[in-house]
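Protein chains: 2
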Amino acid sequence: MDIKSYMQTVGRQARSASRAMAAASTAAKNGALNEIARLIRDRAESLLAANARDLEQARADGLEPAMIDRLTLTPKTVESMATGLEQIAALPDPVGEITDMKRRPTGIQVGKMRVPLGVVGIIYEARPNVTADAAGLCLKSGNAAILRGGKEALHCNQAIAACVRDGLAHAGLPENAVQVIDTTDRAAVGELITMPEFVDVIVPRGGKGLIERISRDARVPVIKHLDGNCHVYVDTDADMDKALRIADNAKTHRYGTCNTAESLLVAQSVAAEFLPRIGRIYAEKGVEMRCCPESRAILESAGLSGIKDATEEDFRTEFLAPIIAICTVPGVDEAITHINAYSSQHTEAIVTENYTRAMRFIREVDSSSVMINASTRFADGFEYGLGAEIGISTDKIHARGPVGLEGLTSQKWVVFGNGEVRS
Amino acid sequence: MDIKSYMQTVGRQARSASRAMAAASTAAKNGALNEIARLIRDRAESLLAANARDLEQARADGLEPAMIDRLTLTPKTVESMATGLEQIAALPDPVGEITDMKRRPTGIQVGKMRVPLGVVGIIYEARPNVTADAAGLCLKSGNAAILRGGKEALHCNQAIAACVRDGLAHAGLPENAVQVIDTTDRAAVGELITMPEFVDVIVPRGGKGLIERISRDARVPVIKHLDGNCHVYVDTDADMDKALRIADNAKTHRYGTCNTAESLLVAQSVAAEFLPRIGRIYAEKGVEMRCCPESRAILESAGLSGIKDATEEDFRTEFLAPIIAICTVPGVDEAITHINAYSSQHTEAIVTENYTRAMRFIREVDSSSVMINASTRFADGFEYGLGAEIGISTDKIHARGPVGLEGLTSQKWVVFGNGEVRS
Chain A
1 MDIKSYMQTV GRQARSASRA MAAASTAAKN GALNEIARLI RDRAESLLAA
51 NARDLEQARA DGLEPAMIDR LTLTPKTVES MATGLEQIAA LPDPVGEITD
101 MKRRPTGIQV GKMRVPLGVV GIIYEARPNV TADAAGLCLK SGNAAILRGG
151 KEALHCNQAI AACVRDGLAH AGLPENAVQV IDTTDRAAVG ELITMPEFVD
201 VIVPRGGKGL IERISRDARV PVIKHLDGNC HVYVDTDADM DKALRIADNA
251 KTHRYGTCNT AESLLVAQSV AAEFLPRIGR IYAEKGVEMR CCPESRAILE
301 SAGLSGIKDA TEEDFRTEFL APIIAICTVP GVDEAITHIN AYSSQHTEAI
351 VTENYTRAMR FIREVDSSSV MINASTRFAD GFEYGLGAEI GISTDKIHAR
401 GPVGLEGLTS QKWVVFGNGE VRS
Chain B
1 MDIKSYMQTV GRQARSASRA MAAASTAAKN GALNEIARLI RDRAESLLAA
51 NARDLEQARA DGLEPAMIDR LTLTPKTVES MATGLEQIAA LPDPVGEITD
101 MKRRPTGIQV GKMRVPLGVV GIIYEARPNV TADAAGLCLK SGNAAILRGG
151 KEALHCNQAI AACVRDGLAH AGLPENAVQV IDTTDRAAVG ELITMPEFVD
201 VIVPRGGKGL IERISRDARV PVIKHLDGNC HVYVDTDADM DKALRIADNA
251 KTHRYGTCNT AESLLVAQSV AAEFLPRIGR IYAEKGVEMR CCPESRAILE
301 SAGLSGIKDA TEEDFRTEFL APIIAICTVP GVDEAITHIN AYSSQHTEAI
351 VTENYTRAMR FIREVDSSSV MINASTRFAD GFEYGLGAEI GISTDKIHAR
401 GPVGLEGLTS QKWVVFGNGE VRS
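Read top to bottom, the protein sequences are chains A and B. So that you can map any letter, position 173 of the first sequence is 173 in full-length UniProt numbering, and since no number is skipped, the others follow by simple counting. So that you can map any letter, position 219 of the second sequence is 219 in full-length UniProt numbering, and since no number is skipped, the others follow by simple counting.
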C-alpha cells in the first residue's frame, strides 16, 4: 500500500473510533488506562528488549549521546510510564461537563458542554515514553489519537502500542482509538498534517525546526510550542532576597528546559545593589553574563570578570545553556515593552512588592504565563495542577501555556428546549 | 508605497495599538464606543452620501440586486449601527477576569486571566454595517482590528472608519486600534493573512469560496464559518406538535440563513404519522422535498405530489432555498451516524420526549450547537445571550458556534507567588 492510502486508512479508522471514544463512559476509559498500565508493567522485559534493538540500531547509526539518552528506557522509566497512566485514570473526566446554563427570554436554556476535539495527531521525536503519555491523555479526554514517533524508537513504540491496543480491547473500546504509525517514511507526516477530514488538531513535540515546518505545511490546526525565551524582571520595589532566589532558580535550576529564564531585566534604581549579588551567584555556577553597557559597568566595578556585551540577538535567544542576557531598564514600563518586543510569549516573572506594578505586569505582558514573585520554572502542567501535560502552547488561540486534558477538549453549545421556535 | 510595505505598516501600527488596547480601562473603551455611536448618528447624512456614491458605482458595474441590497444603507440601518455599538458598550468587559485561582502545594497560587487575542483581521464582503459591528466588538474585547471590507463599499466604509477613529481619539485610545484598509487591491488580503508577526487571528465573513481560499492560504489561525447543513431529527418518542412546529420553523422561518435546517430525519416508527403532516405544511409553503425511497412512498401515499428522490449529494447540501432533504432512519443511532457523516457540524436538533436518547444525541452529535426540542434557528449570538456576534465558527478548536466578545479573547496563566522557587 502506498503511504497516502495507508494514512487515509489510518485517518478513516481514527475518525470512526473517535465517535465511540466521545461516547465512552468514564469507567471504560479508566479501565483501559489501568489495564494499559498493568500490561506495561507485565511486559516490562519485552519493552526493554524492544528498546535494546532500537538502541543497537541508534548506536550503529552513530546517533549523538543526548539522543541516545532520550531514547533509552530503564526499568524505572517503564514503571513511571505505568504510574503516569494510573495518574491520568485518577484525574477527573473533562468530557460531558455542562456549564453556564442560562434560561433565555425565549424559554430555551443555553449552555456549553465540554467535548473531545475528535482526532489528535501527535508528532514527536526520540522519547518512547511520549507514546504512553500521549495515548493516555488522548484516551482520557475522549479523543482518538494518531501517534507518529521518531524512527529511532520504532520497535519500542510498537511494543508500547501493543499494550495500548490490548488495554483498549480489554475495556471494550475500539483498538483504533490509538494508532501508532508503523512506517518510518517521512511522507506519512506530510499526509497526517493535511487530512482535515480525518484529523482535528496536530500537536508536534520536538525542536523548533520540526515545529516550524509542520506549522507551515499543515492544513489542520496546530497546537504548537516554539521557543521559551523567558524573562525575570526585578522591579524598583523588589524584595532583594526573593529577587535573588528567583533570578537564581529561574536560570540555574535546569538549563535545558523551556521555562528557564534567558533574560534578566533590572530596574535602574536597584541595579547597583542587585546585580553584583546575582552576578556572584551566576559566576560561581559558571553562568556567562551577556550585558547591556550599564549592567556590565556595574558588574565589573563590583569586581566580576568575564562579563560580555549583549547583542540585540542575545535578547531574542533561547540559550538552553548556562548563559543569560542582562539589561537594566528605567522601570516597569520599559520592562513590559522590552518583554513584549523580545520574548517568545512563554513565561515571564516580575519580582516586586508594589501592588500596582505587579498588576500592570500580569495584565500587560502578553505571554502564556505571567508570574509575580515566583520562578518561571513553575510553568508546567504538573506544577499548575493539570495532572499531566501534552505540551506547552505558545499560541494565543485555543490553549495557551501548559496543555492538559482540558486543552484536548472544546466546548459546544447545548440548547434545552420545550418545543420553542423562533419568531 | 507598494501593497506589501503598506500592509506591513498597517500591521506594525496594529500591533503597537494592541498593547495600549490590552491595557485600556473599561471606561475608556465604553467611552469610545458611545462616542462612535454618537458620531455615526451625527454624520448619518454624510454616511448615506458616501453610500450613494458606492451604490452608483455598483449599479454602473452591474452588480446583482442581492448584492446591491446588502450594500444599501438607510437611515434605519445607520441608526441600528449606532444602537449596536451602544449595546456593545453595555456588555460586561471580558478582559482581565481572573478565574480558577487555586493554591498549589508549593505555595504558589495559579489561575487564568482573560486577555485579548491581540490583533484581529476581519475580511468581509459588501455589508458596510460589518465595519461598525466588527470595530465595536474588537474594541470592547481589547483587540486592535484590521478591517478589509468589500471594494463595493469603499466610500461608506471609509466614512464609518472616520467615525471610529474620531471616537477612539475622543476617548484617548490609539486611532490605529481600528484600521480600515483603503486599497481595493486584492493583494492586501494575501498580505494580511500571512503576517503572523502582526496578526493573531483572521475572521473571514463571506461565501464559502472566500473562506476556503483564505483558510488554505493563511499562515495565521482562522476562525472560520463554512456552511450550515443543519438537521432536525424527529425521534420515536417525539411530541408530534413540537416536532411539527420545530421542523416547520427550522426550515421555513428564513431560507437563506446558516442555521436553517436543510435535512429532516424521521424515525421509522413515526414516519407514517409525521411525514404526511409536515409534508402538507412544506407543500403549502412551496418547499421542495427530496426524499429517500421510504419517505417518498409515505408522502405519496398520503396524496402529496411533486416529491423528488434525494441523491447522496442532497444530504450534503446547504440549499439556502425552499428545498429540504428527507430521510427515514431506524432510530437515534442511525440518526447520529447520518448527521456525523453528512452535517457541516453547525447545528442539529432532536425532537423527543425520551430523556436517555436526548442526552445521547447532545453528547454524541459532533456539531457546534446541539439542541433538544428547539428550532435550529436559535443558533445565533443574540439568541444565546452573547449580546453580539462576530460570526459563527464551524471550527473545533478555540471557539465553536456563535462567537461573541469571549471568542475574541484567550486565557493566559497567572501565578501569584511570595518568592517561591522550584526544587
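Some hints here could point you the wrong way.
In this list, chains with the same sequence are indistinguishable; a pair is considered to hold if it fits within one copy or across any two.
[Said to hold, decoys possible] Below are the EDC-like pairs computed for lysine to aspartate or glutamate, each with C-alpha atoms no more than 16 Å apart in a straight line:
#1 K112 x D380
#2 K242 x E191
#3 K112 x E97
#4 K4 x D227
Rather than coming from a laboratory, the hints here were simulated on the basis of the structure.
Now the hints, each set against the structure:
1. K112 x D380: Between copies only: 14 Å across chains, 27 Å inside a chain, cut-off 16 Å.
2. K242 x E191: Answer is neither: 50 Å inside a copy and 46 Å across each miss the 16 Å cutoff.
3. K112 x E97: within (8 Å within a copy, 19 Å between copies)
4. K4 x D227: neither (32 Å within a copy, 28 Å between copies)
The structure is inconsistent with the numbered hints 2 and 4, although it conforms to all the rest.
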